[in-house]
Amino acid sequence: MEIKTEQFVEIGKREMNDPYAQTFLKILPEVLGVMREVGMASYTDPKGASTYGASIRREAVARMPELLEQLESSLIANGTRVIWARDAEEANEAILKIARDNNIKYVTKGKSMVTEEMNTNEMLIKNGIDVYESDLGELIIQLLKRPPFHIVGPAINVPVEEIRDIFLEKGIMTEPTLDPTELGRAARIFLREKFQHLEMGITGVNMAVANTGTIINVENEGNIRFTKSSPRIQVSVMSLEKVVPNMKDALYILRLLCRNCTGQKLGSYITFDTGPKKEGEIDGPEELIVVIVDNGRSKQLLNPELREAFHCIRCGACLNRCPVYAKVGGYAYGWAYSGPIGQVLNPLLLGLDRTQDLYRASTDCGRCKEVCPSGVNHPRIFRYYRQQDVEGNKELRSVKRPWSERQSFKAWQWAVQSRKNWDRSIRMMRPLLNKGISSPGLRRWVKPLNSWMKSRNLQTMPAKTFHERWKDLEKEQSQ
Amino acid sequence: MTMSAREAIFKQLNQMDPPDLKPRPPEIPQIDLPDDIDGRIETFMTELTAKAGVAHRVENEEAARKLLTEIAAAEQINTILIAGDDTTSSLNLKEWGEKEGVSVLEASAYEDKNDYRKDGFEAADAGITGVDFAFSESGTLAIRHNSKNARLISLAPPIHIAIFPAERLYRYYEEVIPQVYAEQEGIPSQMTFITGPSMTADIAATPTIGMHGPIKLFAIVVG
Numbered sequence: 008m009e010i011k012t013e014q015f016v017e018i019g020k021r022e023m024n025d026p027y028a029q030t031f032l033k034i035l036p037e038v039l040g041v042m043r044e045v046g047m048a049s050y051t052d053p054k055g056a057s058t059y060g061a062s063i064r065r066e067a068v069a070r071m072p073e074l075l076e077q078l079e080s081s082l083i084a085n086g087t088r089v090i091w092a093r094d095a096e097e098a099n100e101a102i103l104k105i106a107r108d109n110n111i112k113y114v115t116k117g118k119s120m121v122t123e124e125m126n127t128n129e130m131l132i133k134n135g136i137d138v139y140e141s142d143l144g145e146l147i148i149q150l151l152k153r154p155p156f157h158i159v160g161p162a163i164n165v166p167v168e169e170i171r172d173i174f175l176e177k178g179i180m181t182e183p184t185l186d187p188t189e190l191g192r193a194a195r196i197f198l199r200e201k202f203q204h205l206e207m208g209i210t211g212v213n214m215a216v217a218n219t220g221t222i223i224n225v226e227n228e229g230n231i232r233f234t235k236s237s238p239r240i241q242v243s244v245m246s247l248e249k250v251v252p253n254m255k256d257a258l259y260i261l262r263l264l265c266r267n268c269t270g271q272k273l274g275s276y277i278t279f280d281t282g283p284k285k286e287g288e289i290d291g292p293e294e295l296i297v298v299i300v301d302n303g304r305s306k307q308l309l310n311p312e313l314r315e316a317f318h319c320i321r322c323g324a325c326l327n328r329c330p331v332y333a334k335v336g337g338y339a340y341g342w343a344y345s346g347p348i349g350q351v352l353n354p355l356l357l358g359l360d361r362t363q364d365l366y367r368a369s370t371d372c373g374r375c376k377e378v379c380p381s382g383v384n385h386p387r388i389f390r391y392y393r394q395q396d397v398e399g400n401k402e403l404r405s406v407k408r409p410w411s412e413r414q415s416f417k418a419w420q421w422a423v424q425s426r427k428n429w430d431r432s433i434r435m436m437r438p439l440l441n442k443g444i445s446s447p448g449l450r451r452w453v454k455p456l457n458s459w460m461k462s463r464n465l466q467t468m469p470a471k472t473f474h475e476r477w478k479d480l481e482k483e484q485s486q
Numbered sequence: 102m103t104m105s106a107r108e109a110i111f112k113q114l115n116q117m118d119p120p121d122l123k124p125r126p127p128e129i130p131q132i133d134l135p136d137d138i139d140g141r142i143e144t145f146m147t148e149l150t151a152k153a154g155v156a157h158r159v160e161n162e163e164a165a166r167k168l169l170t171e172i173a174a175a176e177q178i179n180t181i182l183i184a185g186d187d188t189t190s191s192l193n194l195k196e197w198g199e200k201e202g203v204s205v206l207e208a209s210a211y212e213d214k215n216d217y218r219k220d221g222f223e224a225a226d227a228g229i230t231g232v233d234f235a236f237s238e239s240g241t242l243a244i245r246h247n248s249k250n251a252r253l254i255s256l257a258p259p260i261h262i263a264i265f266p267a268e269r270l271y272r273y274y275e276e277v278i279p280q281v282y283a284e285q286e287g288i289p290s291q292m293t294f295i296t297g298p299s300m301t302a303d304i305a306a307t308p309t310i311g312m313h314g315p316i317k318l319f320a321i322v323v324g
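Chain order of the listed sequences is A and B. According to our numbering, the first sequence holds residues 8 to 486 in order. According to our numbering, the second sequence holds residues 102 to 324 in order.
Hints should not be assumed to be uniformly reliable.
Stated by the list, open to error - Anything over 12 Å on all C-beta distances counts as not near chain B; from chain A, calculated:
1. Lys20
2. Ile132
3. Asn134
4. Pro161
5. Thr370
6. Arg393
7. Lys407
8. Arg426
9. Arg463
10. Ala470
11. His474
12. Glu475
Stated by the list, open to error - Derived coverage of chain A by chain B (criterion: at least 3 residues anywhere in the stretch with Cβ under 8 Å from a Cβ of chain B; other residues may be distant):
13. 53-66
14. 135-147
15. 220-231
16. 277-283
17. 303-316
Keep in mind the hints are simulated off the structure, nothing from the lab. Even glycine gets a Cβ: it sits at the ideal position worked out from N, Cα and C.
Just chain B, with the same shape it has in the complex (with noise of 0.2 Å):
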């Protein structure tokens, strides 16, 4: 009988002699980040906005949606998409939409899947997200993709908006990353990171704000 590529394959990598493994090396110190609330929130907005992204700080939910007000006004949002995590939904955002006029497409209240992706891509001017977590370090987003914070979301529209209570900031993503994988339960089933729209430099390095992905990224945080 023929030999199947995986027996090939190991039975090559099976002859490699037993791995000499030295100590590493000893990890060199994090940089120094400010720990505290507001020296957190501060170095994110700071490395959010040298990403390109959009960092606003408001106090509650209330400001919150006033923001996302103005945001709409400005960037001439009439139709949003919009996630079901925990942030989101407690925002009442359709009821927010009723009162400014805004149509609010909720990415749960789809069963095909196709319906979903045209609107996704063709109708919606923005996707609202919540985050799981944030990162002052790098100004980073991470969001748990599960069905209540769908991939395209954050993705397809050409306007991301996520928004997060403060205490979900952390400095280094080493503080709660490793967590999620510890248990194969609470693993999902994508993890993004997000820092800043999408962008390229591929045409004469010619540096490009929105590529393929949005070409905004509004990130608010709340508290």
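Excised from the complex, chain A in its bound form (with noise of 0.2 Å):
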């Protein structure tokens, strides 16, 4: 996947003036909001299990480096393969290696976030081994080289017609239809065949139980199964963050996950699978192999600041309150993660400088925190991140802001330092204020002011000021 981060203001635009995705987005982020709700108050205290549940996800980042530990031991004792990857480079040689090794023609792969991070999909194509995403949603947008226009339904808001179109071309189906019911059968019996004759499988990992060495993966479809348990081979690619203390936690946070995601109370399939097949066995995979990837997490885990980005168990939760979302939809966020969340965490694995607008473009409104069940608090990381790029911060990869804007915020910080310096420049200001705002000289004057002022209008200053009008009144009373 192309990052395309830089072009967030540019392709909000472009998303603003589609009919289509604007319809879309009216209902989407509604409805699946709604449906949270609905499945939140199946608790009996819905705000005291999200609490928890964050606490949970508290201690299992701050203890990472322990659990990861024993998470290894416990995955190797099962007889799990476990390969560590620095970066996607080093995470995608090693899968590559495995295919060749095992002369693999295909793969299929369960829906996967770090894989879409790691661009596994185009290595692997471009060494000639062919791709089957087998979600639903990710096989579409893999035929139309998009990226996820949301977390949890990455085709969600593609039109049927462009559905139909893309499956008819690729050989999905060869006979037409709008119905996503029958779109959806059609992409099930190509699947089926390739499910049956697999030899190879790729998934993500929604959580690692430390102490038993068990990974779990939460699906609707189906597709996850299969590809866990038809093939020879199978690869479940994490990141550090996936890694839970223990079983029970685990099957807390399937609570919290399944509800603020598609508000079911479980998804239709989660499987547990500790280690490889066992003797007399005749499906599973003969070799489980577990790569845990950092790609940029182990340097951010050590500012505290950051810590809770990794909190995150990506329900989708965020998106569907955000209001930003609601307006540009997944695909302005430029990459793998979109909404708040990708607000978070774009520009913590990509750099501050490469999504300048990303952790701009917020009301501060914090409804993404309200609802996150993993206690993120994204408001507060937008903030830091302007913060660290303004003052520069090497790790992040900080560029600085424009000579005039610091010029601009030094004297804002001159002029509120002392009342004598803010009456001085009010009286300046008042006038050439006023002038400004009746030409449309002050936008050209104060530049960093320019896209602020585009939607705004600021209102006419009275020629004096409240003080100047006491001042007068008094001296007209005592007169």
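The two chains are supplied separately, each in an independent frame; assemble them into the complex guided by the hints.
In structure tokens:
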């Protein structure tokens, strides 16, 4: 996937002018939000449920070094092979090597955000190994070569006409149809044959249980089950933060994840894998390989300000409540992660320099953090990024703000530091401001205000300040 | 010598400050669900039905076999793939199949995986399995996969029929799952929670029952 985070404004504008996208965005987040609320209402105390969930995530992230080590030894004890990868390239190389060593022609893939991040599909295809995304939405965006529109429903915005056309073009089906169910059936039939003869499957991981070495996947379609049950080799790719202390905590998070994601009490299928198949078992992988990918995380984990970003369980609840997402949709975020969590993760993984508009595109309303079941305070992190970007942070690859902006803030700093300065500047500014408002001069004149002023008007100010009028009144009274 | 990826990652991670572990807040109580057997079964059936599953309660094995005959007729099931767990074994499905004219394939009888996959994907109209546990809170079935209850039986055929005795029905999964994972020896290579047939809403957010996994799910509670 090409990274387009620099084009946030451009793509956002395009999406805002796309009537189909806009109709869709008016309904989808709202509906998903209501579904979530219905799901959460089945808790005796929805707020308390999230608070406890957040405490599990906080603990898991704080104990990560210890838990990952424990996970590794549990996995190995179960007969799982563990591969560590510093970055996407190393992880992809390892996956390619497994495929080559086993003479693999094609793989099916379960929905996995981390492999989106790693561009695994492209790399495998480039090296002659076919990749079939098997989640229906992922299959559609793979064929259309698009980024995910929503963390949970990656192709949920794509018009049925477009799906019909691409399915016909790519030979997924032969008879045209616009019925979503029939389109789904066509994908089912197409992929069944792939699942039946599958030799290697690649999945993501929703959670990895440290003390038992169990990896957990949540889904509705059954494609992940096929990808893990049918082949000889199963490769499951996880980022560092997927580790949880024990099964009880994992079970707790499962309830929260499903309710927050789709409002379901549980997804249709949840699978818990502990090692490869055992003796006498006719199906299941002979070889289970877990690839644990860092890809820039361990460096950022050292920064306590950012640790919360790793609490995320990828439920997508924050997207559905975000007023910015509801306008621009998922493409504008330009990479694997969209919505508020994309504004948290994309800058963290790609750098502040490539994501300048992402962490600034916020109304600071805080609806994201309100619904977050894992205690991520997104707006606080946006503000932290902005601060770091101004003050300079090499680890986060900050860029300094424009000279004119810095100068304006210096002037502001000077003005607000003493009463005398303030009064003096006010006296000086008022006529200028008023003149600026009556002509478009002000915008040109104070450049950093340019885009801010585009959609806002300042009230014309009276000639005298309150204090000046008060003094005048006092004078009048005394006369 | 260059550092291995593992070393490099842990070198970074070990620089994290020691965890400042605040005590967790109190756990919220589970929702109140009926605990008597009838109440558990009723809740289970309601929840599974809400997730597009079909739930039945029968008195005994004989009634279960009778129900299977009805389902086979209604769904035009000619070939079934069966698990060899205790529930399915005690139903004598081979004999039932002969009587009802349904061809019964036993998953445990296959030696070659490709033959097994071929029949599972192409021949079987339905898969019949027992389940280890069921949970009324969400209408969920839990299977511990092993040599007697292989994975694809409940997955590859278009219909999955699950049969289990009522005493395996719990209210919440916490009542039993942590115990399964308490002792390393007892942990299955895979455990699956099944809550309804496969489904998707990936195209135009239209809910569609039956995606890659079974299109229909029947759960039969015996007792």
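*asked:* Are any of the numbered hints broken by this structure? If so, which, sorted upward?
replied: Of the numbered hints, just 4 does not hold.
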